[in-house]
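Asker: Each chain, written out:
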Amino acid sequence: EAGVTQFPSHSVIEKGQTVTLRCDPISGHDNLYWYRRVMGKEIKFLLHFVKESKQDESGMPNNRFLAERTGGTYSTLKVQPAELEDSGVYFCASSQGLGPSYNEQFFGPGTRLTVL
Amino acid sequence: QKEVEQNSGPLSVPEGAIASLNCTYSDRGSQSFFWYRQYSGKSPELIMSIYSNGDKEDGRFTAQLNKASQYVSLLIRDSQPSDSATYLCAVTRNTPLVFGKGTRLSVIA
Chain A
1 EAGVTQFPSH SVIEKGQTVT LRCDPISGHD NLYWYRRVMG KEIKFLLHFV
51 KESKQDESGM PNNRFLAERT GGTYSTLKVQ PAELEDSGVY FCASSQGLGP
101 SYNEQFFGPG TRLTVL
Chain B
1 QKEVEQNSGP LSVPEGAIAS LNCTYSDRGS QSFFWYRQYS GKSPELIMSI
51 YSNGDKEDGR FTAQLNKASQ YVSLLIRDSQ PSDSATYLCA VTRNTPLVFG
101 KGTRLSVIA
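Top to bottom, those sequences are chains A and B. Residue 25 in this note's numbering sits at position 25 of the first sequence, and the numbers go up by one each step. Residue 87 in this note's numbering sits at position 87 of the second sequence, and the numbers go up by one each step.
Source of the hints: derived by calculation from the structure; they are not laboratory data. One thing to keep in mind: the hints can contain errors.
The following residues of chain B were derived to be distant from chain A, with all beta-carbon distances above 12 angstroms [what the hints assert, rightly or not]:
(1) Pro10
(2) Pro14
(3) Gln38
(4) Pro44
(5) Gly59
(6) Leu75
(7) Arg77
(8) Asp78
(9) Leu88
(10) Arg93
Just a few of them, taken from the derived set where beta-carbon distance is under 10 angstroms, the chain B residues facing chain A [claimed, not checked]:
(11) Thr62
(12) Leu65
(13) Thr95
(14) Val107
(15) Ala109
All figures in this text were calculated on a predicted structure; none of them were measured in a lab. All C-beta atoms in this analysis are idealised placements derived from N, C-alpha and C, irrespective of residue type, glycine included.
Turn these sequences into a full structure, and let the hints steer you where they fit.
Answerer: In structure tokens:
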């Protein structure tokens, strides 16, 4: 069974540009999460999809960040325009959401974003 | 105030010894507790989950939970050099995980 995949693995952009990150969850997982780790800090929650619906977007830092999950499969996270403080590693995770281990979340390899 | 606290380490243990990793959390309503292992440049890998007070064993790993003390720990028996990694504690009431910064473990051969 394939794990969570993310694309690209690295992205270097200039301040003011736009970047779109993609996440493909484990097949059959209805729950998809985005997290971010800024250097020196802990991993922090951004938002949670259940299928195509945003269940919780309380962690989104501001309206420069837009997440979508059309069709309830893969998800994209767009940052427009990017600022220096957006640099970090963006992780995607998914969970099945059923049974006693409903909240066991499996992480992708992350996208390392550098904004210059 | 930090929500999940971990000693950043590094914690160095000799090969074959028991490594003890600790985590405290501030939200008394937390229901689910997880340990992730992260090798440098890799994704966090779920290694243990625990939901009720007491011990849970899986191979060389034992997770311990004490909700009254708001404390969760991970013991690694017979530590191997391949266990050298950063161990992340994650806690949640429902779905968004709240992570600690992680403890770096170094197992010396």
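Asker: Determine for every hint whether it applies to the structure shown.
Answerer: So, going through the hints one by one against the coordinates:
| no. | hint | verdict |
| --- | --- | --- |
| 1 | Pro10 | holds (16 angstroms) |
| 2 | Pro14 | holds (29 angstroms) |
| 3 | Gln38 | violated (9 angstroms) |
| 4 | Pro44 | violated (5 angstroms) |
| 5 | Gly59 | holds (17 angstroms) |
| 6 | Leu75 | holds (20 angstroms) |
| 7 | Arg77 | holds (23 angstroms) |
| 8 | Asp78 | holds (25 angstroms) |
| 9 | Leu88 | violated (7 angstroms) |
| 10 | Arg93 | violated (10 angstroms) |
| 11 | Thr62 | violated (18 angstroms) |
| 12 | Leu65 | violated (15 angstroms) |
| 13 | Thr95 | holds (6 angstroms) |
| 14 | Val107 | violated (23 angstroms) |
| 15 | Ala109 | violated (27 angstroms) |
Violation of the numbered hints given earlier is confined to hints 3, 4, 9, 10, 11, 12, 14, 15; the remaining hints are satisfied by the structure.
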